[in-house]
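Peer 1: Here's the letter readout for the chains.
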Amino acid sequence: MAAVHFTSCNKLDTLPTDRFTDENFWDYPENAEKMVNMAYNQLFSADRLWNDEALSDNIFEGRSNTDQRAIRNGTADPTLGRFGSEWSDLYGGIKTCHVYLENVDRVPGLDAALKQRRIAEVRFIRASLYFRLVNFYGDVPFFTKDITLEESKTIPRTPKATVMAFIHQELDECMTDLPSKDALPADDRGRITKGAASAFQARAYLYESNWNKVLEYCENLIKKQAEFGTYALFDSYPDLFTAAKEYNSEVILDYAYVPQLKTWNKLYDAAPISAQARLNGYAPLQSLVDNYITLDGNTIATDPNYSSDNPYVNRDPRMAATIVFHGGQWTDFDGTVRKIFIKPGSGGTDKERLDEYQGASANASPTGYYVKKYYDQTATVKYDAGLNIIMFRYADILLMYAEAKEALGQLDAAIWDMTIKPIRKRAGFEAAKALDFPTSGDLKTIVRNERRSELALEGLRYYDILRWKAGKTYLDGQVLGAKYGGNNSYIKLDIRRFDESRDYLWSVPRTQIDLNKNLLPNNQGYSN
Amino acid sequence: MYQNYIRKKEIAYLLFRKLWLIMRLTTIIILVTFMQVSASTFAQKVTLEYSNMSLKKIFKELKSQTGYNFLYTERQMSVAQPVNIKVKERMLSDVLVQIFKDQPLSYQLDNKTVVIRDRPQATTIPSSAPSAAGSDQETIKGRVTNERGEALANVSVRVKGNESAGTSTATDGSFTIRNLSPKATLIFSSVGYDQLSMELASMRAEDLAQLQVVMKSSNSQLEEVIVIGYGTTTRQRLVGAVDQIGAKTFQDRPVGNVTQALQGASPSLTIQQKSMDPNDNAMNINIRGISTVNSNAPLVVIDGIITEGGTLNKINPDDIETVSVLKDAGSTAIYGSRSANGVILVTTKRGRQNQKPSVNIGTQWGVQQPKILFSPVKGYENATLRNLALTNSGMDPQFSPEAIADLYAHQDIEQWNLPEIMKNSFQQKYNISVSGGGEKSSYLFSGGFYNQPSNFVGQDFAIKRYNLRTNLSTEIGRFKLTSILAYTRNNNLGNTAGSAIINASRLPSYYYYRMRADNGKYLVNNALTDQNPLAELNEGGYVKNDNDYFNINLNLEAKLLDGLKLRGIFGADIYADHRFIRRIQVPLYSDPNALQPQVYVNSDRNTEDFNEKASLLNFQLLLDYDKNFGSHHVSGLIGASNESYTRRQNELKMKFTDPVLGTPTTGTVIDPATARVTPNGTLQNSINSIFGRAGYDFESKYFAEFSFRYDGSSKFSKANRWGFFPSGSLGWRASDEQFMSWYKDHVGSLKIRSTYGVLGNQAVDDYSYYFTYESYPNSYGFNNKPVAAAGFNYASLDLRWEKTYNFNIGLDATFFRDKLTASFDYFKKRTVDILMAPQIPSTFGTSLKNQNLGEMNNEGWEINLTYHATTGAFRHQINANMGDSHNKIVAMPGDDRISTVDNITKLTRVGLPYNSYYGYKMAGLFQNISDIETSALPSGITAADLRPGDVKYVDRNNDGIIDARDRFVLGNGFPRFTFGLTYNLSYKDFDFSMFWQGVGKRDMMIRGELIEPFHQNYSYAIYQHQLDYWTPTNIDGQWPRLTANGSTASTNNFGKDSDLYLFNGKYARLKNLQIGYSLPKGVVSKLGLQRVRFFVNAQNLLTLSKNSWIDPESSEFDSNMGGSANSARNYPTLKYYGGGLNIQF
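Chains E and G, in that order, are what the protein sequence lines are.
Under our numbering, the residue at position 166 of the first sequence is numbered 166, and the numbers go up by one with no gaps.
Under our numbering, the residue at position 487 of the second sequence is numbered 487, and the numbers go up by one with no gaps.
Hints listed in this document are in silico derivations from the structure and should not be mistaken for laboratory results.
Every value quoted in this text rests on a predicted model; they were computed, and no experiment measured them.
One or more hints might be untrue.
[Unchecked claim] Per label pair, the in silico range of CB-to-CB distance:
1. G:Thr-1031 / E:Gly-327: 38 to 44 Å
2. E:Asp-499 / G:Gly-894: 30 to 36 Å
3. E:Gly-525 / G:Asn-424: 55 to 61 Å
Just so it is clear, CB atoms sit at the ideal spot from N, CA and C, and this is done for glycine as well.
Using the sequences plus the hints, can you model the full thing?
Peer 2: The structure is reproduced here in structure tokens:
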């Protein structure tokens, strides 16, 4: 009887076959490693980098009314999606860290030294997530152990300063448990190191304008390389951001992607359309272009040879490494080097015309510029890139050092020569005026603009503007694109608004306030 | 205490396990042993010799001789005449004819039951011609058929006033009566048909030569067999809210599947066809509205076996005998934990005993025409308006006057891309069935083929369904074995161009936006980039499904004692699904002469292979009891069942495969993160049940019923596993009361019925009560080597069943001598312990699974009317039905739940219907600057940003600013006042039918490029229906002034989730229209056939709706009101024109 074959019926207690339960998960050291990997996964992402950049004056999102655009245009209210998603993503990462920290002792047979190191890595990640939280929201719910559901409903906000103090303390403690980059075996490249912890400390103090501490932690990396790892500026600025040169001498910590298997594809919507991009969602702004000095070491305002009708010649080579402008070069996936035509009516073939500026909200760039930095020539179709995203690099250390020195009034030729000069030299400047300690101009502005040029499209600009309290200067008023507007004017885009009394912090998400009244009062300028 | 409790639970559990084992063994043993058994059968022939004996005694004697049950009331017996009879070894049917010839009663044979009823009024065939005198003694031959021309066997033919002359019809419906007076009157009677008398004197001579007798189905329908859970009942006894839909609804309609055919067939059975794409025929089925925030999909039972909902559409609609829609607790509680959303019971056709072989062949052919409901403006107009939008926002115009002139000059060669990717398709359907039966057995074999090609151009995209079915039953003594074996193959060849419609429709019709050059090269342009839909449809590969479904249904019935039956049932649904996806790269060129492709469609050349095997095994053991004690009728049922579901899957996805073969090659990547091996896709669940029903009725006038189910499910932890779901029903046939006799004689019948019960819903994921850790490959990398990461899922330890308290009161009535049948039901449901994800602060760091949190009410009503009438040679049948439901969240912890997708916001709030539309209300458009300056504006927007023609919003709280607190509840998307209207008309050999279906009230929010001209991110077009925008000379325009997207004014106008996006979704649609012609009998019989019918039909011929540019049936909602925002990117509405042929022999 056929029926006999089918008579096995399932029991009422059926166990999942493709996952662990709490009973057995922590029995295996490999699983503990997987939880650490999850913490790494939640540390950062290419999305975060580009979305942070879109909050700044470097990038314009012309395609749609994104949350970043709403923030910049001053129309965001506490219900804004990104206010909620950042909050929840970051606390999600913190949860992963806590779950690891609280269960790792259950794991049998774990090597004690490795465990100590992993714990330090996870604590670094937790500190990093809290750092991002306080940068956006100021005072935030703060806890160092996994909280219960009940606690999460009542937990109040802790002053930012307390959280920052914790971050500093954690990083100091982790530093001792973390290895130097030089001690890492090749297969561990990408793991958090002593150097990364020190770089993070420098950045954390930088955001507090605690200049002496910035100097201290930068000096760890500049002067104590035997202990903190050997770092140096990499030879080529454009190659810094290529797959071929991943983990180069300048990288202190990067967020890992793996070719074909863990990829990101933001440039699918940022590269020139003729280069097989889909459309332009992230376009560089004229303001960034104008920030680059000339090869002669002048700003465009002071350079007598500069013409706004022929603006791309004789400029800081980093501009061409970061941005695609009209007449600029692009190297296709197959290695072909082509000129890009953006000026309306300039393209000679249909293909060339694909990149031409066609007005706002077309597939082509609404600003007249495309993105080049982080273009991964080894990416597969649709710009699926395995290229790592750099979180900390040595040039940043040098620039922080210069900025701190300047703030303390100690930026002299000697400091300049060990910080900005090598950076400019590496960028390709040769003129003495560009390389030597400036004799004219405002040093603070020079240092800040240098920082912008060097670190453009690396996700740091927004935070710099906020900590400089320079929102009104950089994030207010009409956004401009290239000079393809009517009557030979610059393209006029959004009118941004920066409310000095409000926009240095984000709103606590509306949903979170509804669920936990102890989060009130909201940050200034946002409704409760 | 606790220990004891646990132990008791364990003992109970062990007992149950034993019981299942016994049950399964019993089922198998019964199945095996019946083969050897050959007990003597109950005699069909009877011998009686009585004079002046009471009818009741006769029945008793007949019962002992034949085993037939006799169903009667004491009142009937009190009016019965004494019987004189002397027969020897005569067929029961003949004997019954004799016994009843002088009784004021008639009878109906139903399976093994004889139902006694009051004799209906005899209808008389009116004379249509002057009488033709005949000779003194005649022999009359004739044939009896039903209205469909099918032969009727065992019809009693009596001669008025001459009781010895009677006979009954043979299996082919023929009869012969000799020695008849030409003035005699013949009386024909049969179960389920109105009695018919014929005066021979009034007949024409040529008619008398071969009498054609057409018997009409009994209108009262009281004896109609109604399929209910685990059994059947009659219309008369039915106390639950059950609609039964007959085979006619499914036959001869060009529908793709059963669900489509059910649309509009029963009140409060709401079916929404979200897309007409045959390859993606997404449909919702809902009975009586929304009672939970989880799935509201009904349980589907096919031939007594609970199955997966999707199986419904694997059945050949032409194989369906009836579909019962069980709506209330009284009828559904026997399905316990899964019955809260109602139950759909499908019974497939089977052969009948004593039926000569009958072959039915049916074919249908037709054309499906895609109707695109919106259209773009001319190219130059589009460019001009685009410029206007830009300059209105202070931006530079995009098109120079020369460019516009160029577009103007080329308007005659403009083509819009959307019609270019659509075509008419030719649909075909073929069915054949052979059925019949002998004295002890019956059989049915059927085969069907359905083919509906897609309306997309390109490859041969289509769905094809092949059905085979055998349905056999054999009686061996006390045993009856029924076996159903069915096989379905669904082949679905779909395209890979998921965005074909949006990509084709969003481009303006500029003449230079071409998808393909004259030389055949596919093109890329600055608006389409790498998404050329024509290239992808024509050459971009396919998604190919070939799904097998095999259904085994073995049912062994044994008569144990008088009225007691044991049934063992084994059912197996076996699914084997296979999906193969090839994404083939197609080069696109930047211009027709380019040598190198610019980009490729499907550049990653995916090949995906997916296999799934699933089996749903079902064991049931049922004990049935049914007996009359005088006027008391008692029935009972107790059963136990186990259902075990096991699913296994594996899947492989590869990128960069060989461009020609799709096989792995140099550079091919296999992503372990998306690959599945058997343990990944394995799912197992099981449900054990005990269920039963006890019914009692007195004189078929007072009815009481109790039913229950006790379910234990693997989806819950031991402590919460078992749930008890009882229901009680009461019914009263008021019109059978003595004091209502006037009413009965002058108005019709009246029955009142009511049920109350507790039903369950187990919309729970498997394994929810375990805290689990999952592994995610390729989550991070060190040194460019991928590593896996682990994530965790919190358990919902305390998970319990959702429970629905369900009250129903109904009324069945007939009017005008049963010409009009009406039923009305009112229901109220209250669902508690609704599974909802708790709203928890993000600081907790993870989400929690569903918990038993919510409470919801749902009430409504439905009405069903059927009217039969005959005017001259015209016979009319009209069925109209309508239903409505209205739900309300009664309790839920935490605050409002608000979800926004794009510009559409849904709100779940206590006191409101689930997932109501929520948003800002427009206070019209600003007409002047001072109005802008003095009005409240959205936060972040200043008066300087706006101009007349921009949207003004209602400042609900009058705080001078438009923010989240100014939102209103705007409406609800669930269809209300759903209705169906069927009109059947027959005239001589012609028949006509018309079927309307619609929704009386529905709010519909639609966003996207069909609302906002030049919609951000996608559209560069403005469509005809958007031209009524505000301008200084069109200040009453429906839409705001044109602005460029991204501008602050555009953010104000289109960036808010407001009632700008709200539309009236009511509609009425002529779903089906059919005209048929049957060849006259004489012609047919000369051909050696029984019946030949031709017909033409049409579908979706006419739609009445408020919005011309969108199909009103399209909806974003799935069975739990979820789903993404409706962007109106619909597959075009299909209109069908076709015809077909039915042959029976």
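Peer 1: Of the numbered hints stated previously, which ones are contradicted by the structure, given in increasing order?
Peer 2: none
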